[in-house]
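Position chains B and C against the provided structure of chain A, taking the given hints into account.
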Amino acid sequence: MGGHVRKFIENAGWPRIIIGLFLLSLYAAAPFVNVRVLTSLSDTLVRVGMNGVLVLAMVPMVQSGCGLNFGLPLGIIAGLLGATTSVQFEARGLAGFGFAILVAVPIAAALGFAYAQILNRVKGEEMMIATYVGFSSVAVMCMAWLLLPFDSPVMIWGYGGTGLRTTISTEGFWRHVLSDFAAFGLDGGAFYFPTGMFLFFFMMLFLVWAFFRTKTGTAITAVGSNPEFARASGIDVNRMRTISVMLSTVLGALGILVYDQSFGFIQLYMGPLYMAFPAVAAILLGGASVNKATMVNVVVGTFLFQGILTMTPSVINSLLQSDMSEVIRIIVSNGMILYALTRKTQVKR
Amino acid sequence: MAQLEPLLTMESVGKEFFGNRVLSDVTFSLGRGEILGLVGENGAGKSTLMNILFGMPVISGTGGFEGKIFFDGREARFSSPFDAIDAGIGMVHQEFSLLPGFTVTENILLNRESTKYNLLVEVFGDRLRTLDRKDMRRRAEAAVSAVGFSIDPDTLASEMPVGHKQFTEIAREIDRSHTKLLVLDEPTAVLAESEAEMLVQSLRGLSKKGISIIFISHRLQEIIDLCDKIVVLRDGSIVKETRPAETDIFQIANLMVGRNVESAAERRRSMASTDVALDVDKLWVDMPGETVRDATFSVQKGEIFGIGGLAGQGKLGIANGIMGLFAAGGSVSVKGRKMRLNDPAASLASDMAFVSEDRRGVGLLLDESIDWNIAFTAMQVHDKFVKKLLGGLVKWRDDAAMQAAAEEYIKILDIKCTSHRQRAVELSGGNQQKVCLAKAFVVSPEILFVSEPTRGIDVGAKRLVLDTLKRVNEELGTTIIITSSELEELRSLCDRIAIVDSGRISGIRPATDPAPEFGLLMMGGELPETGSDIDAKGGDA
Amino acid sequence: MSGPCTSKRFKTSDNIKHFLISNSVPIIFIGLSALAIPVSGFSAAYLIQEMLTRLARNSFLVLSLLIPIMAGMGLNFGMVLGAMAGQIGMILVTDWAVVGIPGLVLAAIISMPIAAVLGFVCGNVLNRAKGREMVTSYILGFFINGIYQFVVLYAIGIRGMIRIPFTGIDLKIPVTNPQLVLSRGYGIRNAINLTGLRHALDNAVQFDIPVGGASPFTINVPASTYLLIAAFCLFIVWFRRTKLGQDMRAIGQDMAAADSAGIAVERTRVIAIMTSTVLAAFGQIIFLQNIGTMNTYNSHDQTGMFSIAALLIGGATVSKASIANVFIGVSLFHLMFVVSPMAGKELIGQAQLGEYFRVFVSYGIIAVALVLHAWKRYQERERARRDLRGEA
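Chains as they are written, first to last, in the numbering used here: chain A, 259 to 607; chain B, 6 to 546; chain C, 2 to 393.
If we strip away everything but chain A, and leave its shape as in the complex, we get:
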């Protein structure tokens, strides 16, 4: 019996259990401080749907041994280009959203390809480099947002300046097109379920899961598990890594589009800078390691992480009359990443 418990703790890891219990206690405490559990749950679910695909974007690179994708901003940029282009062309509704995807995916694939060429030359040091490649690309895009020839009046600065605004509303274009699709509410609107967004999220989960069930997906997993073994089996290791990086980048682009349609705003400039960190923290929280991740890790991790993000402001604030959510977010997410990085893994390099 004690052995079982110990084994469970070993498998899950202390930080994960502590955070899980913390979230549980937040839900338990909610009714006592006049926070409606149903509303909180609804908020959590909306945020899970919003962030799910971004977290999913970690999986391919983790599986191929490229480590945690701190370069997520690269995919996000491609998504943002798709989003702004569709607004520029006044594409509305589901079609507009589809148009944004059509623009974003090839850009993401191209960026991902270039990004993979860098990562293939710096094996073993991918994570730090990915972080700064992500950061630099955000900075480059800051300049590009100023210079690109967008002229839709809803997007550019009002007072005669050139360049795009820092936040652009998707109201009237494709705000909530996924979220509201077959959405339903309960209890007079206290509970809202964004059915369409979840359908999209689960479709993506299914596609990625299916991809890793194919011959190529199997090869990518083997490359991540032991690149020397894969090479001895005739696999082109760099090619597999390239595919995984491109896939991650494309998922990043799709992820930000889902996020933006639910959020209602496109955030440009420095907005994407730190977006990789919550996604990284979420997948680690879900039980992934630096080189193994599953769909379950994605779903569980996103739920736990977003759960804490939604519950801490409401519950902790009511308890302590002070907004500690930001500090808790920083400590939880970075603590989780730190834990994963310092854990002794059996992985051979």
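Read the hints as simulated data drawn from the structure, not as lab findings. There's no promise every hint is true.
Chain A regions said to be covered by chain C (calculated; three or more residues, Cβ under 8 Å) [claimed, not checked]:
hint: 1; stretch: 289–301
hint: 2; stretch: 426–434
hint: 3; stretch: 490–500
Restraint-style ranges between C-beta atoms, simulated for each label pair [stated by the list, open to error]:
hint: 4; chain 1: C; residue 1: Ile28; chain 2: B; residue 2: Pro166; range: 31 to 39 Å
hint: 5; chain 1: B; residue 1: Lys213; chain 2: C; residue 2: Arg378; range: 39 to 47 Å
hint: 6; chain 1: B; residue 1: Ser17; chain 2: C; residue 2: Trp239; range: 18 to 26 Å
hint: 7; chain 1: C; residue 1: Asn204; chain 2: A; residue 2: Ser576; range: 31 to 39 Å
hint: 8; chain 1: C; residue 1: Ala98; chain 2: A; residue 2: Gly447; range: 50 to 58 Å
The structure presented is a predicted model; accordingly, all values stated were derived computationally and were not measured. Built from N, CA and C at the ideal position, the CB exists for glycine as well.
Relative to the frame of chain A, chains B and C by itself:
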């Protein structure tokens, strides 16, 4: 030269690793200023003996050793290498441990630098003493000249030729003012002839200064030239203690490999086919530590061909090079068709398979399940275990077929595991090796390379592995090329054996030839060269 | 996959490439500055003054990065830990209204144990993450930032936010100055004016150099700060000659070889990080006294990135950095910092563009340096292998 009281005495030293006896009843003594040559095949127990002497943690961590060692008049039972160093034993390892960005001086005096006092020492302790560069240089020069070679003490290690690195390592040991015994493990393996000659000279000089030396080498001529005393180890026991004047290299070679030849192959199968399965011409392979310089041989269809030789001579490089794992050149033809080198996929596509000597590094996906390990290569190379969906657009992994294959091999090879889902890392060495074999069998290769098939596995598994190889060869006609350090294993299994020395094939003989013949081929260099080239080319045609 | 005979032919061109790669970064930045300075229209005297100020302000921080590089631990992204310690010292000293040099010394004394403890934690965490020190220290910086924010936002003030039950004792570090504390009674304001400490060190010993010409101008030299920086440089030069410094160099090259020679590898690595963290705390104090105001929640963040970027622009790499790299780097980086908004404005009519360019350079240079380092290591491994192959 030996004086009144020996410096080092070993009395009935023995060692067991997990019930596996590797040393028994080793007794010898070494006088001050004497040079002892220690020879033996791989696995004869040389390194274990040195590990015991040096107090390596592998020994104490596995239950210590039997017998007694006396060093410098006292019983010695070192608990760590540092104790051994303190007592006055210096060791020069096969691989260099010099810091590339440090000068000769800095390397020789690493962690033994001369220092000067300054005020801050009072606050922060002795590590803030400043280095006394002048004194360091003086000491380094003294050590270098004691070894008997000349080099600018400010040369960076990264810019030195290999030979100088070796001398610097020795100088490092000499600098310890109290070094009384120096152990050199294959110091000449990486040296050119002239450098080796210089080293031998300098060792003689050291011994005149009263430093005793244990010299491990497979170059028997050097041993005879240099040493005062020769100890031959075989299977963990001393088979002979002699003096160079009383012996010659042929006798030593004989002693090393032993005369018990009863196990030699009795398989004079009729070789139905004389078709050539594999033709290798002037192959070079850049495998670190196992460089192949020029290998030429051909293997007949249905043959079991052995590749033997001492560690570091290049025998492992041949299979790795042909399978595309390390940069290679020359020409390799499979069934008469020339094959592209440096491309593992091409090698696999030519119906070859490889069981690597590096099981954990190359052979297995340690973190994946048994069925993945077995099926992966076959899936990727031959599209086995793949279901085509949507008209071949999607190649879906067929988990059911993988499971079936894994279960079949688990049964055939008697792989001890909880299920086909168990991760490879959790299996014992022998069972991991069986998984590696299954992985190779499942692609039904025509040519199978197996490297060190029995290294690090228990006796039962060893038997099963070898029997399985034999059966596959007999029943399916698979051509098998086995690389092994254990000559007896090769002789019990193979039709012909090639011996590799210094990256070249020094000879190919039928397995029925007497063992000392192979022993001589391994010792290389001192053999009459005539004929070996012809042999290498033509096989036993 | 070049064969053994082709490798020799590439040797000479290899060496030239080697040289260009190792010096490419400063060369590019000198070129960029040479183009941007005339465009920006700043006068030489103005730029010299700016550079002198900024060198005094930043050099100490950048110098604190050298020791971990020597010990092979890469760029110490964990230096922000020291910066945070320095800031806590500055907050307390400002509250106690100790001004001038004594104030700065007191701030240093307060921050030192905090930085030492944080450095100790950092060193031990990095010992658990050998081979990925940089990304780990980077994340550790974020993590400790969370704790720092907790302390500064909730545990400092007139009253504490958390009261230990039944005792009536507040969990707090007392700070009473209402100009520091948020109106709610705990937590430090975002922007703090370090009135009594402003230029306390810079102005201790200083002199002016009048510049004649069309528009007369005086260049102010904060000599005392430079003296301190010079002392630090001497310390580093001396430190390299100590036994400890030698041990760090050895560990930096080959941990296993150093270990087998009996050097206490892990302990020495912890010492390297602790030293760096403490020095970074001092550096941050010098930085803040020059600026005169403190951005409680952001100052340390930028410190880390700017210091690392500056060092890299000076031609340092992840594994090799000298004192010269520090000064060249700080000058070039800050020259670009001053010039690029103006240049952007003159060229495209948008100062914002120049600002973003600045950000891009800070991030980009770190990315490029990391890529070059990893790539070079890969090539050196290849080269070593080719050497090993010997003659075929």
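Results of checking the hints against the structure:
1. 289–301: The restraint on the stretch 289–301 of chain A is violated, since only 0 of its residues have a Cβ under 8 Å from chain C and three are required.
2. 426–434: Since 0 is below three, the answer is violated.
3. 490–500: violated (count 0)
4. Ile28/C with Pro166/B: 31 to 39 Å: For Ile28/C and Pro166/B the Cβ distance comes to about 34 Å; the hint holds.
5. Lys213/B with Arg378/C: 39 to 47 Å: Given a distance of about 45 Å, which is inside 39 to 47 Å, the answer is holds.
6. Ser17/B with Trp239/C: 18 to 26 Å: Roughly 55 Å apart at Cβ, these two residues miss the hinted range, so it is violated.
7. Asn204/C with Ser576/A: 31 to 39 Å: violated, 50 Å
8. Ala98/C with Gly447/A: 50 to 58 Å: Once the Cβ atoms are compared, 55 Å apart, the range 50 to 58 Å for Gly447/A and Ala98/C holds.
Taken one by one, the earlier hints fail for this structure at numbers 1, 2, 3, 6, 7, listed in ascending order.
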